[in-house]
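Engineer: Sequence lines, in order, name chains A and B.
Be aware that the first sequence starts at 106, since it is given in our numbering, and climbs by one per residue.
Be aware that the second sequence starts at 4, since it is given in our numbering, and climbs by one per residue.
Don't read these hints as lab results, they were simulated from the structure.
Be aware that a few hints might be false.
Stated by the list, open to error - Capping the alpha-carbon separation at 27 Å, the derived lysine-lysine pairs in DSS-like fashion look like this:
id : chain 1 : residue 1 : chain 2 : residue 2
1  : A       : K240      : A       : K214
2  : B       : K99       : B       : K251
3  : A       : K173      : A       : K240
4  : B       : K100      : A       : K240
5  : B       : K251      : B       : K100
6  : A       : K128      : A       : K376
7  : B       : K251      : A       : K411
8  : A       : K173      : B       : K99
9  : A       : K173      : A       : K128
10 : A       : K173      : A       : K214
11 : A       : K411      : A       : K376
12 : A       : K240      : B       : K99
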Amino acid sequence: MIEVEGLTKFYGNMPGIQDVSFKVEEGEILGFLGPNGAGKSTTMRILTGYMPPTSGTVRLDGIDVIEKPLEVQARLGYLPENNPLYPEMTVLAYLDFVAAVKGLRGADKAAAIDRVVGGCGLGDVASRIIGHLSKGYRQRVGLAQALVNDPPILVLDEPTSGLDPAQIIEIRDLIRSLKGNHTIILSTHILPEVNVICDRVVVIHQGRIAADGALDALAAGVEDEETIRVSALGPAEAIRSGLASVTGVRSVSLKEDEAGEEVHLEVSAGKGRDIRPDLVSAVSAAGGRLTELYRERITLEDTFVKIIGGESRNQEDAAHV
Amino acid sequence: MSNIWLICRRELASFFFSPVAYVVLGAWTLLLGVFYSGSFLNYAVISLQIMRNPQAASRLNLTATSAILSPVFSSTTVVLLFVVPLLTMRLFSEEKKQGTMELLLTYPIRDGELLMGKYLSVLMIYGVMLVLTFIYPAILGAFVSVDWGVVGASYLGLLLLGSAFLAVGMLASSLTSNQIVAAMISFMILLTSFVLDFLSVSAGPLMSQLLRHFSLGLHLRSFIQGIIDTRDLVFLVNVNILCLFLTKRSLEYYRWRG
């Protein structure tokens with residue numbers, strides 16, 4: 106549905122993005138992830154035909170954005186970063202304008218406006234002036250204007266930024282409800298959001314693609330090691346050496362404990378086999394009594410930081426993850 | 004065409020929502036009212052003097068049109084110098100400042116349609132302003148005979164000159180995201196072009212002709228005398244076309260720069 110190939114944009118001599126390529130399948134929600142200033146907005150602006158790239162091609166629904174921007178834009182809904190709106194217009198007048206500009210007329214237009222006003226929960230504020238609305242409502246107006254022509258492709262640049270937690274959940278639910286009928290690209294730097302909404306992630310860092318794939322696969326690809334935390338009562342040194350002799354364990358480090366009696370250890374092991382039962386036996390064999398044992402979950406944040414941190418170390422590899 | 008009209012209608016709605024609209028329209032009618040009153044009073048004084056000195060009357064060729072209306076039509080350009088930058092400053096600058104420009108440029112409309120819509124909106128507001136001033140010739144016409152041909156040519160001239168001013172103002176607005184800066188740029192361009200003919204006094208013959216040619220205000224003169232001179236007509240239309248073209252280029256540059 107969306108094909109981006111070798112996209113490069115220079116701002117003067119400064120590269121905004123370099124050689125960005127990815128694809129989005131029909132009905133998929135793609136999370137576009139990256140730190141601030143990584144090039145997310147630049148990519149999205151090129152995608153929507155707002156800005157021409159220095160080189161590279163973008164095809165949406167098989168149509169080249171640079172050659173036929175108007176045809177692509179008729180199939181597109183875009184919510185820019187910071188959600189710009191006309192504060193002096195009423196919600197209905199604004200949606201009427203957008204629907205008309207996107208080519209809807211007469212009864213079709215009225216039906217489309219009714220649909221997005223209902224779908225985005227704007228019924229109560231429809232005749233109010235946008236400038237007087239709360240930020241949550243304004244965000245819904247922004248989504249409504251993107252959705253009013255029922256576009257097959259939606260580009261949402263940080264749709265939940267600046268909202269309170271309840272509003273964030275509302276907007277996320279709204280976006281999730283669009284899944285299937287629309288192909289969505291959603292940029293964010295809020296990691297849990299990706300977990301909740303997206304099927305697939307593209308990580309962009311310093312203007313280049315740092316990773317592309319399903320979330321779990323990304324996490325698995327980045328981490329080849331897992332950490333298991335063990336706490337026990339008993340002789341510290343004996344337990345440590347006991348744990349270190351378990352097959353699969355790479356290193357064991359002893360953590361100092363203020364209370365003195367309990368021993369805390371951090372075991373690093375290669376991925377693959379579950380060694381936790383072996384660790385339990387090793388503790389008992391060393392004369393200790395196990396009080397706690399757990400495997401650390403790899404968080405999205407860790408994955409993200411690894412991808413971004415690793416990129417500078419091994420740029421070529423990371424680009425092909 | 005319909006996209007142009009959509010943009011224009013939205014511009015008009017926003018314009019009449021802002022207080023600038025009412026300040027501009029109010030100041031405009033007030034100032035022209037003052038000019039007309041002054042012109043009337045002046046005419047009254049001159050009439051009195053002529054009654055005492057009948058020989059002068061034949062030399063002066065004083066009519067209600069040439070003595071009351073024409074001076075006001077000339078003064079109107081001075082008011083336009085101040086009013087036009089206020090009308091046009093928000094056209095693109097506000098959209099850039101608010102960020103709505105980004106959305107606007109991703110809707111399926113051509114840049115040309117966008118700028119024509121915006122241009123049409125200020126042109127219509129200016130049209131309304133001109134229609135408002137018609138009350139003065141109308142009042143005059145109720146009491147004395149007015150040369151409507153001259154009045155018509157003057158209004159055509161004012162419409163053309165005003166449209167050229169508006170095109171300059173729109174170009175200035177497309178260059179910056181700051182409305183004040185936009186207003187200052189257009190004011191400076193208009194004022195400079197307005198005073199060019201003052202410089203022509205001391206310039207050489209060729210230079211002086213050039214300066215007078217590019218002096219916007221001078222092109223109104225023949226219209227006010229009731230002459231529709233194609234040279235002036237073509238010049239003013241060309242200024243419009245040039246500014247619209249440059250505005251389109253400015254939009255393309257804005258897109259490219261991102």
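Engineer: Provide an ascending list of the numbers of those earlier hints which the structure does not satisfy.
Structural biologist: As far as the earlier hints go, 3, 6 and 7 are violated by this structure, in ascending order.
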